[in-house]
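Given the coordinates of chain A, assemble chain B onto it according to the supplied hints.
The lines below spell out each chain.
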Amino acid sequence: MSLPYYLRLLCLCFATFFVMHAGCWLVIRSLVPAVVRIAKTMRPRLSGRLLFGLRMAPVAGSLFLVIGFCVPSYVWLEPDIASERVGPACLLAAALGATVWAASLLRGLAAFLRTERYMGQCRRKSPGNAVVQDAAEVLLVNDRAAVMAVAGVLHPRLIVSQAVIDTLTPEQKEAAFRHEAAHRISRDNLKKFLFLLAPDILPFVSGLSNLERGWTKFTEWAADDHAVDGNQQRALALASALVKVAKLGVIPAPSYLLSSLVDDDRDLETRVDRLLREPAYAGKPLAPVAAFARNAALVITGVAATMLLWPGSLSGVHQLLEHLVQ
Amino acid sequence: MDGVSVEDSGNDRASAQRLHLGRLEFDVMEIVWKFGVSNVRDVVGRLERTLAYTTVMTTLDRLYKKGFLERAMTDRAFLYAARLSREEWDRRRAREMMAGFLAGPRESRHMLLSCLVDAVGSHDAMLLDELEKKIQRRREQLAEKDR
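Going line by line, the protein sequences match chains A and B.
Mapping of the first sequence onto my numbering: residues 3 to 328, in sequence order.
Mapping of the second sequence onto my numbering: residues 3 to 149, in sequence order.
With the rest of the complex left out, here is chain A:
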């Protein structure tokens, strides 16, 4: 099939992404059991970062190769002729690459809209103006259900139902607010959103869900540690708050992009046991903007260094692309 210049570039980008991503995905998939075992021996905050990094590694690595090498090598070295033939294997890989991206973008968009709709409903249920606690907007919802969660991706807000406020003592409320603040500071909902946007090896094949489940567990533990920060009384207050909220009845989260105080009671016993043992100190939270800037700088430096140290890298990549396109 003959395709014009820029359509061929798009096709190559998707095909390269699909091939690289599938390779990385399979390697990471084989490492999951060992990494989860290692993560259990680390501090929860570090474990969460490790699992998050590993979950995002296939998509980040593949995007790095496509944006850093494929696109520049094609634009600089491919002659701008009217059209050229693209082989069926390349077309198939490109179609699969485009499909996995479309599926994950739709998944992310659907979750985002569901969360926005839920927050809209909460705003309507809220009797008055939102109050501000620790620089975060808190929506008090007139609801008998047990709701205490950070919702939203870009501007996360804490949503608390009247039932939870009525049930918890001031100390328990403070500990619970600190727990939710940890989720907000760590931008856990944004990370969940990135999980949704990160494509699977094939559309709707989720082989890295163990990493996501592990990450969810460790971020809850890390938020507990942040809330407690080595204070035994606060640990007891948070443990009591968890049990009291669970007793009110845990309702399934209306969206994946919510970080609830008690998500389900599968991990509740472990969390309470952790809090009753020697309470852990809060780790230093990672500022997401600084982390993003640091990673972006690393990527740019990596591309620049490769091109400087190996000037033939782009022509090498271009030759590989020529093979792929055939």
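Certain hints may be false.
[Stated by the list, open to error] Sample of chain A residues with no beta-carbon within 12 Å of chain B, all distances over it, derived:
(1) Ser32
(2) Val77
(3) Ala239
[What the hints assert, rightly or not] A partial selection of chain B residues facing chain A, derived with a Cβ cut-off under 8 Å:
(4) Met100
(5) Leu104
(6) Met128
(7) Leu129
(8) Leu133
(9) Glu134
(10) Lys135
(11) Lys136
(12) Arg149
Calculated directly from the structure, the hints in this document are not laboratory data.
The beta-carbon is built from N, C-alpha and C at its ideal position, and this holds for glycine as well.
Here is chain B on its own, set in the frame of chain A:
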């Protein structure tokens, strides 16, 4: 416990029978699951009750023929190892039991589901009560330490 059985139901009869363990068979399997590869003498020594060597040997042979164990000959004695883990056995039994209920009439399906919901609900309530007691005990311990 008179044996860990799975009720037969239609097409699942054969597989359900394969998963059935008599009391002695279950005790022997528990030892192999717990201690790993064992010969007859090991199992006899680890059983809580005193049983004849030949009884245990026959039981191990029966478990081998039922597919629960695999064996290898070393030094004129068979070494037995479990072919499926305890978790896998539990999972298969649960699956067979569920399949049996779900293949039955609508009433038995509804009964199973409502029993499950009740059981999960009461388990949750008990777990939360237990956690509350734990917290209370810890609070008392700390108060005593402060005094």
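These are the hints, each one checked on the structure:
1. Ser32: Given a closest Cβ separation of 22 Å, the condition holds.
2. Val77: It holds; Val77(A) is separated from chain B by about 54 Å at its closest Cβ, greater than 12 Å.
3. Ala239: The claim breaks: Ala239(A) does not keep its Cβ more than 12 Å from every Cβ of chain B (closest is about 10 Å).
4. Met100: Where the cut-off is 8 Å and the nearest Cβ of chain A is about 20 Å from Met100(B), the hint is violated.
5. Leu104: With a minimum Cβ separation of about 23 Å from chain A (threshold 8 Å), the hint on Leu104(B) is violated.
6. Met128: violated, 12 Å
7. Leu129: holds, 7 Å
8. Leu133: Holds. Min distance 5 Å.
9. Glu134: holds, 5 Å
10. Lys135: violated, 10 Å
11. Lys136: holds, 6 Å
12. Arg149: violated, 15 Å
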